[in-house]
Structure formats: C-alpha cells, structure tokens
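Chain order of the listed sequences is L and H. When we follow our numbering, the leftmost residue of the first sequence carries the number 4, and every step to the right adds one. When we follow our numbering, the leftmost residue of the second sequence carries the number 411, and every step to the right adds one.
No lab work stands behind these hints: they were computed from the structure. Just so you know, not all the hints are guaranteed correct.
Here are the computed lysine to aspartate or glutamate pairs in the DMTMM-like style, where the Cα-Cα straight-line distance is at most 20 angstroms [unchecked claim]: (1) L:Lys243 - L:Asp221; (2) H:Lys571 - H:Glu656; (3) H:Lys436 - H:Glu656; (4) H:Lys436 - L:Glu132; (5) L:Lys243 - L:Glu216; (6) H:Lys436 - L:Asp131.
Please read all numbers here as calculations on a predicted model, not as lab measurements.
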Amino acid sequence: MTAFLIRRLVQAVIVLIVTSVIVFTGVFAIGDPLEILLPADASMAEREQVAESLGLNDPLPVQYLGFVTDALQGNFGRSFVYNRPATEVILERLPATLELTFTALVISLVIGIPLGLWAGVRAGSATDETIMTGSILGFSLPNFWQGMMLIMIFSVTLGWLPSTGRGETGTILGIETSFATWDGLKHLLLPAINLALAQTALVIRLTRTGVQETMPLDFIKFARARGISSPRILFVHVMKNILIPIVTVIGIEFGSLVAFAVVTETIFAWPGIGKLIIDSINALDRPIIVSYILIVVTMFIVINFCVDALYSLLDPRIRVSAQ
Amino acid sequence: MSEAASYLRGQSLFARAIRGILQSPKATAALIVCLLLVAAAVFAPLLAPQNPYDLAQIDFFDSKLPPLSEGSTGITYWLGTDTQGRDMLSAMMYGLRTSLGVGLISGFFALAVGTSLGLVAAYSGGRLDSFIMRFVDLMLGFPTILVALMILVVFGQGTWKVILALVFVQWAYFARAVRAAALVESSRDYVEAARCLGLSAPRILFAQILPNCLPPLIVIATIQVASAIAAEATLSFLGIGLPITEPSLGLLIANGYQVLLAGVYWMSVFPGLLLLLLVFSINLVGDRLRETLNPRLVQ
C-alpha cells in the first residue's frame with residue numbers, strides 16, 4: 004500500500020515538473036508582453052526599463068529557475084495586467100468558480116440520479132428509451148451554444164433571469180457567497196444549469212448502468228423473497244451499491260466541471276478563474292496563464308491521487324494488479 | 411436471430427453493424443441524417459446558394475437580414491444573413507465542411523496513434539506496457555477541453571495545431587480499448603500458431619490481432635469524432651481554435667453571439683442547431699453500434 008502510494012506520488016511530481024517546463028517555455032514563445040503593456044510610442048529606453056523590471060531580458064533557463072524558486076514559495080510572479088501577485092488574483096476568483104461548479108454538481112445529482120433509477124428499473128421500456136435518448140442529447144448539446152440559448156430564452160425573451168455577472172453576494176459563516184442573497188441566486192441559476200447539463204447526462208447513464216448491474220444479483224432476489232417492498236429495495240439496497248461508482252466518478256468529474264467552467268464563465272461573464280484564463284490568454288498575461296495551468300494541473304493530480312488511494316483502499320485487487 | 415448466431419454464421423463486421431443500425435428506427439434516422447450532412451458538406455460548393463468566401467458574391471448592404479428575406483440581387487436568404495451580408499445557409503454548409511473535416515482528420519490520427527500504441531503495449535508487456543498505460547491513465551485523468559486549451563496556449567493557434575491538440579487528447583481512449591481487446595486476443599491459439607509460423611511481430615499485431623479488435627475501435631471512433639467536432643467548436647468559440655479564414659460552425663456561433671442580445675438570433679441559433687444535429691446523430695449511431703458490436707453484450 005505504502006509503496007503504491009509513494010510510486011504514485013513520484014509520478015505526480017514528475018508530471019508537475021514536466022508541465023511547468025512545457026508551459027513556461029511555450030507561453031514564453033507565443034508573444035511579447037511588452038507589445039501589450041507599453042503604449043505604441045514607447046521609447047527604446049522605456050522598453051528596456053520595463054523588460055528589465057519584469058526580468059524579460061534574462062536567458063530562459065534563468066527565468067525558469069527564478070520562476071520555480073518563486074513557485075515553490077507560492078509566488079508565481081506578478082500579473083502584467085493587474086500588477087498584483089498572480090496567485091492572489093487567481094485565488095481571489097476561485098470561490099466564484101467553486102460556487103458555480105458545486106451548484107452544477109448538486110443540480111446534476113438531484114436530476115440525474117432519479118432519472119437514472121427510473122430508466123434502470125424500466126429498462127427497455129419507452130420511458131427508458133426517452134430518458135436515454137435525452138441523455139445522449141444532453142451531452143451532444145454544445146455547452147456554449149446551450150448557454151447562449153438559455154440567455155436568449157430566459158433573459159432576452161422572457162426576462163426572468165439576469166444573463167451576466169455574479170450579482171450581489173452576502174456572507175454565510177464568513178464565506179462570501181451568492182447563496183446569501185436572492186439577487187445572487189438569480190444570477191447563479193442560469194450558469195449553473197448550463198454547466199450541469201452534460202454532467203446530468205453522465206449521472207443518468209451511470210445510475211442506470213448501476214441499477215441494471217445490481218438488479219439481477221442474488222441479494223436483491225433474497226430481499227424480494229423476504230417480502231421487502233420494491234421502493235425500499237431500490238432506494239436502500241440498490242442505492243447503497245451503486246453510490247460507490249457514482250461518488251468516485253463525480254470526484255473525478257468535479258475537476259472537469261472546473262475545466263468546463265471556462266466556457267460557462269465566458270458566456271455568462273461569471274467572474275471566476277475560467278473567465279480569467281481566457282481574458283489572460285487574450286492579453287498574453289503570462290504569469291496568470293502559467294499559474295492558472297499549474298494550479299489546475301496540481302488540483303487534478305491531487306484529485307486523481309486521492310481517487311487512486313481511495314480505490315486501492317476499497318478494492319485490494321487494484322493494489323495487487325499495480326505491483 | 412440472436413447476435414451470437416450471426417456471429418457464428420460468420421457475418422462480416424460491417425454487415426453486423428449495418429444490420430444493428432437498421433433494426434433501430436432511431437439509429438437508422440440518425441445514420442440518414444449523418445449521411446445527408448456529410449453529402450451537404452462534401453458538395454457544399456455545388457449546393458450552396460452562394461460562395462461565402464467569394465467577396466464578389468456578397469453584398470454588404472444585405473447584412474443582418476432575417477430569415478426568408480430577399481437580397482438586393484434577388485437571391486432568397488432562407489436562413490438570413492450575417493453581419494457581413496453573407497448568406498447564413500451557405501456559410502453553414504461551408505462551416506460544416508470545416509467542422510466535419512477537422513473532426514474526421516483528428517479522429518483518424520487519434521485512431522492510428524492510439525491503436526498502434528495500444529497494440530504495442532499489449533504485445534510487448536513489461537516496462538513499455540506499464541509506461542504507455544501510465545501515460546494513458548494520466549491523459550484520461552485530465553478533461554479534454556483543459557488539455558486542448560493548454561496545448562493551444564503553448565503552441566499557438568491554427569488548423570493543424572487544433573487537430574494536433576485533438577489527437578493528443580483523444581488517442582488515449584483508443585489505446586486503452588485496443589490494449590484491452592488485444593490482451594484477450596494475444597492468448598488465443600491463432601496468435602500462438604502465427605508465432606510458431608515465424609511471422610514477424612508487426613505482422614502478427616496488425617494483420618492477425620488488429621482485425622479482431624475492430625468492434626470496440628469502431629464504436630470509440632464514432633463517439634470520438636463527435637466529441638472532436640464538439641471540442642473544436644468549443645475551442646473556436648473561445649477564440650483559441652480555428653483561424654477566422656476557415657470559419658467552422660463554432661466560429662459562426664461565436665460571431666452570432668456578438669449580436670445575440672441585439673435580437674439577431676438567426677446567426678447563432680441555426681449554426682448551433684446544425685452542430686447539435688451533427689453531433690447528436692453521430693452519437694446516436696455510435697450508441698447503437700456500441701449495443702450491437704460490444705462483445706460483452708453479445709449473448
């Protein structure tokens with residue numbers, strides 16, 4: 004077990020180092036931040052001065068070493084645009100993204116699990132067929148277009164919900180959140196639905212597969228023989244068994260929700276890290292791009308590592324096969 | 411007749427796939443839609459009312475006309491015009507060409523790379539196998555859109571770079587499926603016989619084992635083409651995908667987004683519906699293929 008975890012840990016560190024080198028050199032190559040930061044009529048002396056103060060004149064390896072040293076201390080450099088530490092800018096925006104992804108996750112579970120159970124129990128029926136076709140439609144819908152249609156219908160045509168921004172936030176238990184105000188909730192609803200849709204489709208499929216695999220098992224037959232009611236079998240006995248894969252996949256998928264928030268945040272002008280990265284790519288704000296990628300990659304490595312560790316705890320076969 | 415029976419009767423893979431689709435009205439309809447869309451894309455230069463790249467055919471004064479308007483030259487704009495005065499229907503047919511092209515090309519290369527690596531991993535075993543499979547696990551652990559975004563940020567934009575990014579994020583799905591199928595096949599007697607005959611490793615891999623791994627590959631290829639098309643559209647929408655000289659459906663929608671709040675709905679609704687129709691019908695066909703060809707489901 005320990006050997007397995009250590010091996011995974013070493014792999015994680017290697018991935019992180021490789022990513023940092025590739026990203027750093029790549030981002031350095033795509034453009035000259037001076038072009039963006041300075042007015043067009045800046046003199047050579049001014050250019051030199053700014054380049055010097057940003058450390059842009061040093062050779063690449065030196066810049067990279069400085070960057071790694073800083074990064075290890077949690078300092079990813081100052082944003083060219085905001086003129087503040089990049090990490091600070093990103094962390095400040097992180098709660099908005101987490102709030103959005105969390106809400107989307109809850110929506111997908113609340114809608115997805117019951118529909119999946121329903122389809123699984125009625126496997127082969129017209130209901131099942133409709134739900135499953137609906138789920139294929141759900142993940143075929145291009146996320147960004149679906150968001151635009153939500154805006155068009157609910158904001159432009161019906162005027163029910165606001166289309167952009169985060170709205171008013173309040174404080175609950177010391178955390179600033181949209182859940183605290185009615186205005187905040189109204190702003191949160193459309194982006195959360197947009198982000199939740201593909202996820203809901205996935206939850207439906209997972210739940211249905213789980214139900215179908217569990218229903219024919221002996222313990223269900225015994226439960227029936229003992230005269231336990233159908234709803235109780237479904238919601239207690241079957242649910243217990245299908246929740247493990249669902250929870251695992253959702254752990255992994257939480258990360259991809261953060262990634263897909265890039266699209267949702269761009270459409271709904273949601274002030275999270277996804278919109279920040281797109282804005283920063285357009286402005287060639289190098290420190291933000293590099294630190295965003297490293298922070299998100301680290302997040303993924305941590306999530307994947309936890310899932311692996313959890314799995315090998317729950318299922319000894321995985322440990323053995325990885326030897 | 412059961413699937414197993416047709417399997418025993420030695421029906422070809424292609425025949426089984428087609429028969430499986432034809433048994434389901436939904437999948438049949440989806441396949442017809444797919445074929446029609448491919449035809450529309452291939453013959454776009456012949457079918458489209460206008461060549462959207464030819465500036466001589468575009469009248470700027472016809473810009474932002476709603477659907478069914480008549481243009482200054484007497485042409486009917488069935489789906490309206492964009493901000494430049496281009497016929498939306500024509501722009502969409504050319505956009506479909508780009509979207510489908512990018513999806514198919516990247517799907518093909520992902521298939522080639524993933525299959526080769528998966529076969530090598532399964533056949534060689536040992537360190538090489540675990541190295542390739544760790545890499546696959548790593549790739550599958552990251553969401554497509556994030557990796558593609560990172561690649562495009564690092565290497566810059568352009569059609570081939572988008573294709574490269576899509577191949578890079580998709581090959582792992584093929585590699586995993588092929589390896590799993592090939593591992594089962596490698597232990598079969600015919601592979602043993604081929605080895606005894608002294609056939610070379612590449613020949614055993616590609617001529618003997620590969621044909622027996624095709625069913626899961628076909629299913630994954632179908633679904634991956636759909637997801638490549640959707641991913642390309644998303645990247646283009648975010649402004650880091652295809653260049654504006656070759657507008658794909660994603661880029662057309664992005665243009666429409668700029669004027670959506672001004673009430674010019676047709677510039678984003680129609681290309682979006684077309685994209686949805688394309689991805690949805692490919693996915694429906696893929697889903698049916700999975701049901702028909704998946705050996706686990708063959709009773």
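Item to check | Given hint L:Glu132 paired with H:Lys436 - CA-CA distance at most 20 angstroms | outcome: holds, 10 angstroms
Item to check | Holds or violated: H:Lys436 to H:Glu656, with C-alpha atoms at most 20 angstroms apart | outcome: violated, 33 angstroms
Next on the checklist: Check whether the Cα positions of H:Lys571 and H:Glu656 lie no farther apart than 20 angstroms.
Outcome noted: Holds. H:Lys571 to H:Glu656 sits at ~14 angstroms (cutoff 20 angstroms).
Checklist entry - Would the pair L:Lys243 and L:Glu216 pass a check requiring their Cα atoms to be no farther apart than 20 angstroms? => result holds, 13 angstroms
Next on the checklist: So if I understand the rule, the pair passes when the alpha-carbon distance is 20 angstroms or less; does L:Lys243 with L:Asp221 pass?
Outcome noted: holds, 15 angstroms
Item to check | Pair hint outcome, H:Lys436 versus L:Asp131 [Cα-Cα no greater than 20 angstroms] | outcome: Holds: H:Lys436 and L:Asp131 sit about 14 angstroms apart, inside 20 angstroms.
When the structure is compared with the earlier hints, a violation turns up for hint 3 alone.
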